[in-house]
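Please put together the full structure from these sequences, using the hints given.
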Amino acid sequence: MMTVPQTSASLRRPARIAINAGLVIFIALYAAIGFLQPNYLEPGLFMNFLRRAAPLVILACGQLYVILTGGFDLSMGAVATLVVLAASILINGDPDTTWAVIGALYVMGVSIGLVNGFVVAFLKVPSIITTLGTMLLVNGLALAWSGGAARGDLPDNFRNLGRLVWRDVSVIGTLPLAAVVLAGFVALAWFGLNGTVYGKRALAVGDNPRAAELAGTPVAATRILAFVVSAVSAVTAGILLGGFSGVSVNAGEGLELQAIAACVIGGAQLLGGRGSVWSAVFGALSLFALFTLLNLLGLPQALRDSIQGVILIAAVGASMWRTRRRN
Amino acid sequence: MTTNIAKPKPAIPDLPVAVLLAGLSIGFFAVVALVTGETAQLSGEGIAGLLQRMVALGLVALGQTFVILVGSIDLSVAALISAVAVLASHVMQGDPAMMLPAVLLCLGFCAVVGFVNGALVAYGGINPLIVTLGTGLIIQGVLAASFGVLQGAVAREFQVIAYGSVLGVPYSLLLLATLSLAAGFVLDRTLFGARIYAVGGNPDGARLAGIRTERVILSAHMVASLFAGAAGLYLAARLQSGTPWIGRDGIYDLESIAVTVIGGTILAGGKGGVAGTLAGVLLFATLDAGFNMLGIDAFLKQVLRGAIVIAAVAVHAVRTKGHVA
Amino acid sequence: MTMRTLLATTVALTFAGQALAQDFNDPAEFKKQREQLSMTPQGPEGQPWAQHLGDGMVDTAKYKKDGQVTLCFSNAGVFNPWRVVGLNNLNAEAELHKDRLQQLIVVDAEGKDDKQISDIEALVSGGKCDALIVSPNTTAALTPAVEAACAKLPVIVFDRGVNTSCPVTYIHPVGGYGFGITSGEFIASKLKKGDNVLALRIMPGVDVLETRYSAAKNIFDEAGINVVGSEFTGSDRAKTKSVVEDYINRGEKIDAVWMDAGDTATAALEAFEDAGLPYPVISGEDQQDFLRKWQSEKLTAIGPSYPTYQWRTAVIAALDVLDGKQVPGPEWVLPQPAITEDVLAKYIDERMPPLHYSLCGCQELPGYPERWGGK
Amino acid sequence: MMAVPALSMTGISKVFPGVRALDGVDFECLSGEVHAICGENGAGKSTLMKILGGSYRPDAGTIQLAGQAVRFTHPRQAAEAGIAIIHQELSLLPHRTVAENIFMGREIARRGLLDKAGMRRKAAALLSRIGAAIDPQALVSSLSIALQQLVEIAKALLMDARILVMDEPTAALDERDSRALLGLVEGLRREGVSIIYISHRMPEVMAIADRITILKDGKKVWTRPCDAAPIDEIVRAMVGRDLKDFYPATPVSAPGEVLLAVEGGTNAGLRDLTFEVRAGEIIGVAGLEDSGKGALAQALVGDVPFTGGAVTLRGKRIALRTPRQATAAGIGYLPGDRKSEGLALRQSVRDNALLTLRSLMGLFTRPQQGALAHDVIDERLGAMDVRAADFGQEIGTLSGGNQQKAIIVRWLAQASDILVFVEPTRGIDIAAKAAIYETMRAFADSGRGIVVISSDMPELIGIADRVLVMHQGRVSGAVPRGANEEDIMHLALGLADAPRGEAGA
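Protein chains in written order, with my numbering: chain L, 1 to 327; chain R, 328 to 652; chain P, 653 to 1027; chain A, 1028 to 1532.
What the hints contain is simulated information worked out from the structure, not anything from laboratory work.
These numbers come from a predicted model, not from an experiment.
It cannot be assumed that every hint is accurate.
To be verified - The calculated label-pair distances, taken between Cβ atoms and stated as ranges, are: (1) R:Gly-622 <-> P:Glu-1016: 22 to 32 Å; (2) R:Gly-622 <-> L:Trp-145: 45 to 55 Å; (3) L:Trp-145 <-> P:Glu-747: 16 to 26 Å; (4) L:Leu-299 <-> P:Ala-680: 26 to 36 Å; (5) L:Pro-38 <-> P:Asp-873: 31 to 41 Å; (6) P:Ala-680 <-> L:Arg-167: 49 to 59 Å; (7) L:Ala-318 <-> A:Val-1285: 55 to 65 Å; (8) L:Ala-318 <-> P:Leu-929: 40 to 50 Å; (9) P:Glu-1016 <-> L:Asp-96: 27 to 37 Å; (10) L:Ser-170 <-> P:Ala-927: 17 to 27 Å; (11) R:Glu-484 <-> P:Asp-873: 38 to 48 Å.
Beta carbons: idealized from backbone N, C-alpha and C, even for Gly.
Right under this line is the structure:
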């Protein structure tokens, strides 16, 4: 038996500095933004950038959980919309109820996640169909409940979550509350995948559910939990969106696909088994930087879609090419 | 003695799903029509109207069936439909002499899109969801950027496709029927069809059996794009002029996937067929018509449709052994 | 031969964008609508939904039908708040006529032309309808279906039109140019030559919206006002706010914001608030949230309208037709008032939801304000 | 007879990441010759045949067909050149009919139109030619594994191949079907077809082969005419050392207390199974393909649970309704098909080894502490001599033996009482094999038990303390250590104690 020369197993390499593809793309895109509009390099505007990117980054983190386990969640945009509308109806301008309502919103989100998860895990409906169904269902519910238009107002303490900016903060100048929420959510998402055993279970389930099951992994529970996390992220993003810009019936429209695209650009693999929180974070930041850059370039709105499509295919194609070359 | 004598099972396994779905759909429609007193909907004209609701989605879904059977998927159909409808009306500008060039140009464009999709999926090895989401975005963007404010119209003569009829049967229904039969025939009776099932059912096995799997995947994508083109042309004829949003507003991408899966074609590929897909389309058409008769609120309709999509797939998916994602 | 045609077509397509963009700039229509804006309406005082501009009337005796009647309504959809308010108007108006109206059948096309055509065909072939009201999703697409319906029963079209004169009447307010003229002239009057205006629009390619912009753009150009940008927001508040923030961040001085629809006006204003800048001159629409903000922040603003009361008019017209009464036609042009600072207070109703359209003409209708989501 | 060989392969080499699968192998086959290739699992037989079939491209070497050099980049080219391969892994379409499967890729068609009736007829003829009573219209998913294997054979016979490769064609067949198949091979040989025959069943090889080539560790040992190669010499050449050294020594101490006891275990594939595993014992399970030995493994690990009967572990009644329950109760599983059932190929060696531990601990366990720490698992992997440049690398890049060892580490980390091995050394090279046997012995010696299910008879005889033989879903007998293959075969075929009447049920 000839084995290819190997180093001794006990000799551990220095920890590899994993450079995330999304990070590289993000830095390149943000550098381009800075080149076009130098004031974007100031901390204040960067913070503002983060504030606006926060909902997408948070959605991408949630979507990542589902993608790691091998599925998709198309319902998250609809959940975000539901959250915005439900918040305005339930709070109805009374700031005292804000926190109770936010609690209720999370309960709602968790139940939608549970439904998605149960249907996929036990009724064996492929997630793309399941969440397409819940997308229609949740969107319909949100519209039916609100009567198709925004109702009620969001009080300032709710709006602040997406809108408040602390000024005169040392070093960074300004600090938006949304950026704090973002950091908190990313930290939680990171903790979920790296601070508990869940992350590795999810990767194994996404990679080979059969092998994971035979090794004792609770496959169904892992899947369901991923959908719950995804729904929770949609609720959080919805709260920020509502806070940032107020009530509207199309608050979450199209965000699900952007979140999937973000994960993929960041290097997560569709159908599971590969990816990290940083794929989601930097993928989403890259995507948002791309939007901003295209805005600054003043291209026709429509062409921005096209460029997004090109970037999407190119990013995945490039990672495919890298994998192939390595093998 | 060998003990395992195989019991013959029906050769077309998707037939029961199709029959069941179609039966349920027709039953639902008939009951609603009777209960609401809309008995006129059960006349020839009413039925023709019901079936006409199937045409656009039906055409797209036929193509979608090919890609799903081969184990791929196509999300770019919605953008492609818009592109074709806009191109057709723009090229024709109401001039009957331009009908043929317009149709040729549109189908040629579809073939190119299908080729690009197929090549990126089959030879590039990129996930089909990403590829077709990407090409869809590209088409949609270019379309909206260059044709956003265009007005054009197809030729009056071209609209015959959508509005003409023979012996009370609209041409569009004949078109759908003919293309369905053709698609069914191709899948069931031709070499290409057999290859599609082989590649979708077991890509490695198909490769070992000497099938050029990449070519089959690529061809299936071209078929899907051409069917989307047919749907686009039909819509252009029906709507007189295309806007860059008709595909997206019609949600033809997700709905075509949904009806195909509802009809018993499995997303992994290799199992399913045209009959099931048509039954799925019929279900959607009867839901549309039935909800109209019942006067169900538009938003509630969406809720019901979402629940029905899940339930319809769950009915046959729940027996799946192993895992789905 | 065919090859050459194809090639020529391909080349033509490349330049198509510029070649045909002029479609929405029709000087004759611009002039006509400008006149209509200052015309005195005919009809009952204080009931703009029953008034009309101009003199044309059509005779409808042949459609007269006694006893209980059934009206059918093919709706393009309820995909925006304007249509939600409108549909409530229409339903409430129908309730006023319970004695005459046996049934009102409403079918919703969910924004799909194809479905609306099928819906109309089904309504006509169903044989229950005595008259058909259509709010078309797209002008050209619905024309053949409406034509076919005209052959069977009286048809009333409102909001967007159809390319045929077969309907008994086509109800619409003055129009897009009128909207653009009102808002454009107001902004032009408040700005100096060389000042900047940012145009925020919902989406391209929709005739009723394109004409609004084209009219305003003409006026800005004439007044020497600089349009720094024209952006599409898709009626999305978050996107609106982001777009405006981007312009602010770029260091552009924005003196005025012109909008082709007001449902995201408050989001645009918030961008200025968040940046700590003074409010610009702004043109919105007649939504409650915008009017309240206008009042509380003392904005320099105007609220042109595309009144939702036309949904009431549709029912009124249909019943008049079945009564055999003369109705304004072949076009029933409704007055299109704008909300100005003097009349602002009377349009604000704190009970109503933020995106309620004040010019709904619905205050006296049954179920107000709950039916429209008010308290 | 010594004309230009129908096939000659010279100097074929192929390297996979971590393994040199073939190293300058020469091989030839004349027309009308049955040329057997023997070798341990992992010796390179399948790789050689995949190169011949166009699935792999060789790194070096040439292939000549009837003296003409050929180069295949796609299986289609090999098929067109007249090479047909009956693959070891099934490559059927479960949702399609038998006829459609037989004609996959070679449909009878005129101008693109299928001749379905013609294919049905021809399929029926083909099936009866190999003596298989299968309806060509049946769906493949409705057939047993053995019948599916026959469909595979029919598929390969469809083409009038000049060279036919049969890779373990009888592995899933019972005696009668095997005999029919050998008759078929005989007939083909007379027609002048070159047949390359790969099998572990020595008697079969001796009966049918003209020449035998031995491969070992990717190299050719020798090629000899059949009559110049007695069985023991073949075995020595294959194994490279005496079998005595190869398997670990028999334990000195007698088996201890009863660890695992199954009483009356029953489900769809198993009938009234009763046996026990004692501490320190390795129990082998033998049987033909549908004897139920696979179902036994699946039942023990909760994958396809028992529906009747009782299972006790260390005297306590346990429920084995899901793999998770079995895992938690202390039963570990090492599946035969590692790729699809054992490994998450894109995850690291470490992650695969930790999979069970992580799955059974509380969700909020810190992943880098205690037993989950990298150092701890790295030590275990090192102790098992898992060879990898870095335990953080993807396990898919490791050789089969190292992968198997990593899975063993998974269960050692979980401190399982019973390990269920299925085909423990399939696709594993010989050096790693000995190490795995060593590990199995050591595991048992530590007071725990092993159930090993294998179709590799010498392996069972060498490693197991006791071999249970299964036939038609029940245990047809047990043989002690030191029994020979014939004893086992006898029981496996149901000839020993099964009432005659039941054989046909």
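Hints, verified against the model:
{"no.": "1", "hint": "R:Gly-622 <-> P:Glu-1016: 22 to 32 Å", "in the structure": "holds, 26 Å"}
{"no.": "2", "hint": "R:Gly-622 <-> L:Trp-145: 45 to 55 Å", "in the structure": "violated, 19 Å"}
{"no.": "3", "hint": "L:Trp-145 <-> P:Glu-747: 16 to 26 Å", "in the structure": "holds, 23 Å"}
{"no.": "4", "hint": "L:Leu-299 <-> P:Ala-680: 26 to 36 Å", "in the structure": "holds, 34 Å"}
{"no.": "5", "hint": "L:Pro-38 <-> P:Asp-873: 31 to 41 Å", "in the structure": "holds, 32 Å"}
{"no.": "6", "hint": "P:Ala-680 <-> L:Arg-167: 49 to 59 Å", "in the structure": "holds, 54 Å"}
{"no.": "7", "hint": "L:Ala-318 <-> A:Val-1285: 55 to 65 Å", "in the structure": "holds, 59 Å"}
{"no.": "8", "hint": "L:Ala-318 <-> P:Leu-929: 40 to 50 Å", "in the structure": "holds, 42 Å"}
{"no.": "9", "hint": "P:Glu-1016 <-> L:Asp-96: 27 to 37 Å", "in the structure": "holds, 35 Å"}
{"no.": "10", "hint": "L:Ser-170 <-> P:Ala-927: 17 to 27 Å", "in the structure": "holds, 21 Å"}
{"no.": "11", "hint": "R:Glu-484 <-> P:Asp-873: 38 to 48 Å", "in the structure": "holds, 42 Å"}
Hint violations for this structure: number 2 only, all remaining hints satisfied.
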